[in-house]
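*Asks:* Sequence:
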Amino acid sequence: MSYKNSILMGTIGGYRDRFHQFQPDRSFAERLDIARTIPRTHGIEPVYPQDLGADGSATKAVKDSGLAVSAVNVNVKTEGKFKDGSFTSPDAGLRRESVQYLKTAMDLAADLGSEMITVCPLIDGWDYAFQVDHIQQWRWMIEAFEEAAAHRGDIKICIEYKAYESKNHIILPTMGRTLHFCDRVGAANLGVTMDVGHALIAGESPGSEIAVAAEAGRLFYIHFNDNDRGADWDMLPASVHLWETLETLHYMRRIGYDGWVAYDVFTRTGDNAEAISATFEIMENLDRLLDKIGDGHLQDLIKCGQPQRSYNDLIRALL
1 MSYKNSILMG TIGGYRDRFH QFQPDRSFAE RLDIARTIPR THGIEPVYPQ
51 DLGADGSATK AVKDSGLAVS AVNVNVKTEG KFKDGSFTSP DAGLRRESVQ
101 YLKTAMDLAA DLGSEMITVC PLIDGWDYAF QVDHIQQWRW MIEAFEEAAA
151 HRGDIKICIE YKAYESKNHI ILPTMGRTLH FCDRVGAANL GVTMDVGHAL
201 IAGESPGSEI AVAAEAGRLF YIHFNDNDRG ADWDMLPASV HLWETLETLH
251 YMRRIGYDGW VAYDVFTRTG DNAEAISATF EIMENLDRLL DKIGDGHLQD
301 LIKCGQPQRS YNDLIRALL
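The sequence shown runs contiguously to residue 319 in UniProt numbering.
Hints in this document: simulated from the structure, not taken from any laboratory. The model shown is predicted, which means the values in this text are computed figures rather than measured ones. The beta carbon of each residue, even a glycine, is placed where N, CA and C say it ideally should be. Be aware that one or more of the hints could be misleading.
Calculated lysine-lysine pairs in the BS3-like style (CA-CA distance at most 27 Å, straight line) [what the hints assert, rightly or not]: (1) K63 to K83; (2) K81 to K4; (3) K60 to K83; (4) K167 to K77; (5) K4 to K103; (6) K103 to K81; (7) K167 to K303; (8) K4 to K63; (9) K103 to K63; (10) K83 to K167; (11) K60 to K4; (12) K60 to K77; (13) K4 to K292; (14) K60 to K103; (15) K292 to K303.
So the derived label-pair ranges between C-beta atoms look like this [said to hold, decoys possible]: (16) R177 to R16: 22 to 32 Å; (17) A129 to F19: 22 to 32 Å; (18) E165 to L318: 45 to 55 Å.
Go ahead and model the full structure; you've got the sequences and the hints to work with.
*Replies:* Quick look at the structure:
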C-alpha cells in the first residue's frame, strides 16, 4: 500500500436520513479528537465552511491536532441559499459567492499544508426537461472554474462527479463528461476526485475510470466506499463489489498511485469511528489479497481474456 489514508470528517459526526438520526452530532473539535485515536489515520478531509469556519478560524485547531490535511472539501450545496444552484445559480451574486468559496478554500488548503481542494457540485443540475438553459449552465460552470483555477496554480481543484442527488440530473455526472469539462476549462490544476461509489451508481467500472483519468493526467484524488448501484449508500469498501474493488486497487498499482485515499463510509449501527478503523483494515487486507494473487498473475489473466479461467484462479486465491 503506497497511498495515504484520510478521514472525511463528516463520517465521524452526525448521520441521519429522512426518517431517523443514527449517529450523534459532534463538534469539529470532538471529531478531531476522535480522528486522532483511529489507527492507520494519515490525515483528514475537513469541510469549508462548516468545519473550518467561514473565516477559517478553525485552521488552528487542525494544526494543533497534528493531523495532515488531504484536501479541503468545499460545500456549496447544503446551505439554503444554494437550493437553486451554486456555480450555475440564476443569481449572479450567488455564482460569484460560490467561486469565492473555492478561492477561500484554496487559500486555507495552502495554509494547512495541503495541495488540493475537492468539490462535489451536487446542486448544479436539473430535475425536469426545459427547467434550465443547458447552454447557459455549461458556460457558467466553465467560467466559474476558469476563475477559480487561475486564483492560484499551486493548489489543485478536484471535481467529484455524481450522477444524481441532490438534483435528478447533475451537470457533471460521469468521469467522461468531467474530463471533457476539465479540458474545456483547460487549467492544469483542474482534475477529478474519483469516488468509487459515485462511479458505481453511474454504471461505470471504477478501475476503468481510474485508468482513463490517469492517462488524461487528471486523477488527483480518490474516495472509497461501496453501494448496490441503486443509491449512494456509502457502505464499507468491497462489501458488495469485491471484484470491482480489487480491480480498482490493481489499477491504482498499475498507474503508481501514491496520493491520498479518503473514505466516505457511514454506518447506521455501531460506532462510526470503529467503522472507519475497520475500513482501513479492510483496505489493507485487500492489498494483501492482491499480493497473494500476484500482479504478474493478474496481468496474465487479463491477457488471456477468458473469464472462466480468470475467476476460477481468483477464487482459488481466496481459499
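*Asks:* Which of the stated hints cannot be reconciled with the structure, identified by number in ascending sequence?
*Replies:* Violated: hints 1, 2, 3, 7 and 18.
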